[in-house]
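Undergrad: Sequence:
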Amino acid sequence: MADATTKPTAIIWFRDDLRISDNAALASVANDFTVVPVYIRQDHIANRSIGGAKKWWLHRSLEALADDLAKLGAPLVLASGDPYVILANLAQLTSASRIVWNRRYHPEAIRHDTELKSHLSGDGFEVETFPGFLLHEPTKLKTGTGNFYKVFSPFWRSLDSTIELQKPIPAPQSLRPASPYPASEQLSDWKLLPTNPDWSGGIGANWHPGEKAAHAKLADFVETRLENYGEGRDRPDRDDTTRLSPHLAFGEITPAQIFAKLDEGRTSAGNLGLDALRRQVGWREFAWHLLVNQPLLPTSNHKIQFDDFPWSDNTEGLLAWQQGLTGYPIVDAGMRQLRQTGWMHNRVRMITASFLTKHLLIDWREGEAWFWDNLVDADLASNAASWQWVAGTGFDAAPYFRIFNPILQGQKFDPEGTYVRAFVPELASLPSKHIHTPWEAPAAILARASIQLGQDYPHPVIDHAEARQRALSAYASIKDAA
DNA sequence: TTTTGAGTTGTTCGA
DNA sequence: GTCGAACAACTCAAA
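Numbered per this note's numbering, the first sequence spans residues 1 to 482.
I should point out that these hints are in silico values taken from the structure, not numbers from a laboratory. Nothing false has been slipped in among the hints.
Heads up, simulated DSS-like pairs for lysine-lysine below, C-alpha to C-alpha not over 30 Å straight-line:
1) LYS117 - LYS140
2) LYS142 - LYS117
3) LYS167 - LYS140
4) LYS479 - LYS303
5) LYS261 - LYS167
6) LYS217 - LYS412
7) LYS140 - LYS303
8) LYS167 - LYS7
9) LYS140 - LYS150
10) LYS212 - LYS71
11) LYS150 - LYS261
12) LYS142 - LYS167
13) LYS55 - LYS217
14) LYS261 - LYS217
15) LYS212 - LYS191
16) LYS55 - LYS261
17) LYS479 - LYS150
18) LYS303 - LYS142
19) LYS167 - LYS117
20) LYS150 - LYS303
21) LYS212 - LYS261
22) LYS167 - LYS71
23) LYS261 - LYS140
24) LYS7 - LYS117
25) LYS167 - LYS212
26) LYS55 - LYS117
27) LYS217 - LYS191
28) LYS212 - LYS55
29) LYS217 - LYS167
Taking CB as the label site, the calculated pair distances span:
30) ASP234 - ILE445: 22 to 30 Å
31) GLY144 - ASP239: 38 to 46 Å
32) GLY144 - SER429: 54 to 62 Å
Remember, it's a predicted structure, so these values are computed and weren't measured experimentally. Even for Gly, the Cβ is constructed at its ideal location relative to N, Cα and C.
Based on the provided sequences and hints, a complete structural model is requested.
TA: Here it is in structure tokens:
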């Protein structure tokens, strides 16, 4: 009634946090303010354009968020342009006194948001920012000697034992809209969905963006797959992973919410899957910990001796890898899964990344960029940290002689070839015995499976043993130089 | 300050 | 088929 007009007004700026629950910024204004939720279009993150798969997800996720906010009573306002201008204009229009957001952590965003906060504060607005993206503040967690952590295990021991499990904040029951209420741009005008051609079919069939879908997926996982997660998560031929990564990347769900849900299922009998999943979430924390403390992570070798590494300009090899035509079935299945669904199983990310950097000797940054463009869950920190780890250039990196054997990996983690058959249909009729080594299959068996190597499916682009030796000598060359 | 133990995810070879 | 050792040396984190 009367108090709707007497309450002050606040603007909440949504960014990497497309959710209404466990949203500290939103909760801070939900009760005592009339509000304007705004999302400002951003085509770049850290000087990179957003990949097509993520644009598709963003569109759907904004739809879901807008829907939720409309039901609460304060529709989402979409705007394009410079955040300072937009926020200041909105504040003027609605007589807002307070502006809030949840923090982001990629280096450019930290710089940008810090500057923006000081400008807006200088203009007389009360600006407050909140955590919400991670379980820890990357600049605050330190080793005993005051440095940031560079090795996962001690990092995780420290974080895992000190996490005070904040209870996730419930979503507000309702919101009071500011008055007057600003006009919004139309989401469809942002043209985030692909047209001509619309390649999003495979992605749309696999994913349901949005906060509600994220929580439904988590609940289903805890109920049906958590128990198998410890070993099952390594199997691309099974569906034992959470597939929560894109939901996390868009902030539709928080690590705190995941941990809280997991805790409900904690038993005295053993918590193998539960602890394994916490640990995986810990890897995301660690990647951001590294990125915040080492902003060059996405672009520069952490181990600088790799600046002299003889990477190859193998454009044919790069193309074969990108298209899933290397002749190694597990590699090709992974690369095609990525193109078709915007996602790749974690085990296969390692296999394909090892193949690019070690078998083809192509700079990890080429692979990082390709993953960034195609992954629906593309995460600046996880992507960069993981590529550097595989390439051997990064923090706590794999020893140089750790070169994945794509044949063994296929046989071990996709023993029946289920995964290969799903994404490399031209091999579907091949018996399991030969599914990971079609070039060794007897002619009669290839004929029966209607495969002519070199025609229906490529010969291996390079022999494994030869590639292994080549990679080992390439690594030896920079070791000698150093 | 020095010392010590440890470090996601592997492969190959030879007994 | 299975198993342990070798593949290197270095950096990190904590005692």
